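Position chain B against the provided structure of chain A, taking the given hints into account.
Chains as they are written, first to last, in the numbering used here: chain A, 1 to 102; chain B, 1 to 465.
Bear in mind the hints are in silico, worked out from the structure with no lab data behind them. Just so you know, these numbers come straight off a predicted model, no measurement behind them. Heads up, the beta-carbon is just placed ideally off N, CA and C, and yes, glycines get one too. Check the hints yourself; a few may be wrong.
Claimed, not checked - A few chain A residues facing chain B, derived, Cβ under 8 angstroms:
#1 Thr28
#2 Met36
#3 Gly49
#4 Ile52
#5 Asn80
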Amino acid sequence: MEIDPFIFRLSIFILSIFIGYYVVWSVTPSLHTPLMSVTNAISSVIIVGAIIAGLSGNSSSIFNISSLFGFLAISLAAINIFGGFLVTQRMLAMYKKKKKDK
Amino acid sequence: MISANLSAIFYLISGILFILALRGLSSPETSRQGNLFGILGMTIAITVTFLSIGNFSSGFVVVLIFLLIGGLIGAFIAYKIPMTAMPELVAGFHSLVGLAAVFVAISAFLNPEAFNLGSPGKIKLGSLIEMSIGAAVGAITFSGSIIAFLKLQGIMSGSPITFRGQHALNAIILTLIIVITYMLCSTQSPNLFWILLAISFLIGFLLIIPIGGADMPVVISMLNSYSGWAAAGIGFTLENTALIITGALVGSSGAILSYIMCKGMNRSFFNVIMGGFGATDQSNLSQSKEQRPVKSGNADDAAFLMKNASSVIIVPGYGMAVAQAQHALREMVDTLKKNDIKVSYAIHPVAGRMPGHMNVLLAEANVPYDEVFELEEINNDFANADVAFVIGANDVTNPVAKTDPQSPIYGMPVLDVEKCKSVLFVKRSLSPGYAGIDNDLFYKENTLMLFSDAKKMTEDITKNL
Numbered sequence: 001m002e003i004d005p006f007i008f009r010l011s012i013f014i015l016s017i018f019i020g021y022y023v024v025w026s027v028t029p030s031l032h033t034p035l036m037s038v039t040n041a042i043s044s045v046i047i048v049g050a051i052i053a054g055l056s057g058n059s060s061s062i063f064n065i066s067s068l069f070g071f072l073a074i075s076l077a078a079i080n081i082f083g084g085f086l087v088t089q090r091m092l093a094m095y096k097k098k099k100k101d102k
Numbered sequence: 001m002i003s004a005n006l007s008a009i010f011y012l013i014s015g016i017l018f019i020l021a022l023r024g025l026s027s028p029e030t031s032r033q034g035n036l037f038g039i040l041g042m043t044i045a046i047t048v049t050f051l052s053i054g055n056f057s058s059g060f061v062v063v064l065i066f067l068l069i070g071g072l073i074g075a076f077i078a079y080k081i082p083m084t085a086m087p088e089l090v091a092g093f094h095s096l097v098g099l100a101a102v103f104v105a106i107s108a109f110l111n112p113e114a115f116n117l118g119s120p121g122k123i124k125l126g127s128l129i130e131m132s133i134g135a136a137v138g139a140i141t142f143s144g145s146i147i148a149f150l151k152l153q154g155i156m157s158g159s160p161i162t163f164r165g166q167h168a169l170n171a172i173i174l175t176l177i178i179v180i181t182y183m184l185c186s187t188q189s190p191n192l193f194w195i196l197l198a199i200s201f202l203i204g205f206l207l208i209i210p211i212g213g214a215d216m217p218v219v220i221s222m223l224n225s226y227s228g229w230a231a232a233g234i235g236f237t238l239e240n241t242a243l244i245i246t247g248a249l250v251g252s253s254g255a256i257l258s259y260i261m262c263k264g265m266n267r268s269f270f271n272v273i274m275g276g277f278g279a280t281d282q283s284n285l286s287q288s289k290e291q292r293p294v295k296s297g298n299a300d301d302a303a304f305l306m307k308n309a310s311s312v313i314i315v316p317g318y319g320m321a322v323a324q325a326q327h328a329l330r331e332m333v334d335t336l337k338k339n340d341i342k343v344s345y346a347i348h349p350v351a352g353r354m355p356g357h358m359n360v361l362l363a364e365a366n367v368p369y370d371e372v373f374e375l376e377e378i379n380n381d382f383a384n385a386d387v388a389f390v391i392g393a394n395d396v397t398n399p400v401a402k403t404d405p406q407s408p409i410y411g412m413p414v415l416d417v418e419k420c421k422s423v424l425f426v427k428r429s430l431s432p433g434y435a436g437i438d439n440d441l442f443y444k445e446n447t448l449m450l451f452s453d454a455k456k457m458t459e460d461i462t463k464n465l
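Okay, chain A solo, but in the shape it has when bound (with noise of 0.2 angstroms):
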């Protein structure tokens, strides 16, 4: 008997799961702002899905019901990529060290 695709992606998630809990609590507490900006960022890779939607009207007609979502999810998803990782690149810039000279 064969293995339904699904039982795969399903071990996927779960061990993605268990990667998730152990990178994040070796997160140092001082960046868990810059990690809930940059899981923010990340989640939006969403837009995978807003991009199928968006180009599933035909050539003769681009603008359907379903594809009208489509885009609308794709600028969604883009202000959350491009201001999240943007954001969590300027507040991780911020992060100095003591310098050794002063």
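For chain B alone, kept in the frame of chain A given last:
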């Protein structure tokens, strides 16, 4: 156009890059590189999606336009947002992830052929279940985050909104969501899909309104977690590894942060979710406490105490952010350091409105991160320090949490500020903190209250040093 297998490999690579992005955050030195990994992972995922569809016609241009619009808005916000507003920003971003998940689910429901999920009315059962879960969790994330955003922004009052039968109503709606999901899967009726979305929006709203302002760190981490699970649900629908991995990472990350925040307040997760904290406790505090003597001083006294100290510990809290006093504080500390006084900062896990909020604000004010310590690292040092300077924090310094089993905050880990030789407590009045309880520290022999705006007081002290 690239093959499905090849694109699956690329999605896996971008998932791994996201793991490395989080791994980088284990220390500030590696964190910037980690963020670049994240950006690279995202670029790979988007590029591969375009290549695997292979449709570079007019639709492609429209996609790019929408991507650009969103990107510009996002970049603009990222550069403009003040660091004090990070909690609102993150809540707002969560709502967008939630809504995007809902939109993708709607699109997949209306046009399943585009996603290889069957045809309308005959969507594969597994996909339909995954889609419904993704859509429902996405909708809850969206409306919940909107409420969190409004509360944090101050548009909506931070006090809990409770009414009779609230928990019963929530329980009914949650049951209804499960029932409707079941019916949707057996009938494939579009109407049920819309109803499912509507009640999910409603429950997200209802779940967050009873939770008070002080519990926002938990709420915001919890919504972070939800946005991850929503993404994972959609990932299963689309059979996309990058989304599944990312959803799991974000989901567990948010869950861990919620746990840390709950532990910082010594409250169970369930207790926070049920809400109402901060509203119920106010009744019993007014009658029990009589007026007690308080020592108050001015900037001159404070400057004198600090000048004669050899070590000072700063305890910042949300009030510092509200007063925008972090830069003034940093100037004061610079002056202290010139006088060879050792200064460190003590941060409580729930200081501020989101995890790690204080650390970002101090970093913005150019405070080196190796002078900033977490509760466990620094708590023993208070006994050896000369002065503790409490600015904008309150409940997290309350010794009652260690002494009075009757107190609502009993058992909460607190900073042992009272062990310092002297305590300077900057506060506008004697009013209780968010937990609605009096702070015993105000009345201690070695406490000097500095009644003023945090920023003004800090500047005055600097002048007097």
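Results of checking the hints against the structure:
no., hint, verdict
1, Thr28, "6 angstroms, holds"
2, Met36, "5 angstroms, holds"
3, Gly49, "4 angstroms, holds"
4, Ile52, "6 angstroms, holds"
5, Asn80, "5 angstroms, holds"
Every hint from the earlier list agrees with this structure, and none is contradicted.
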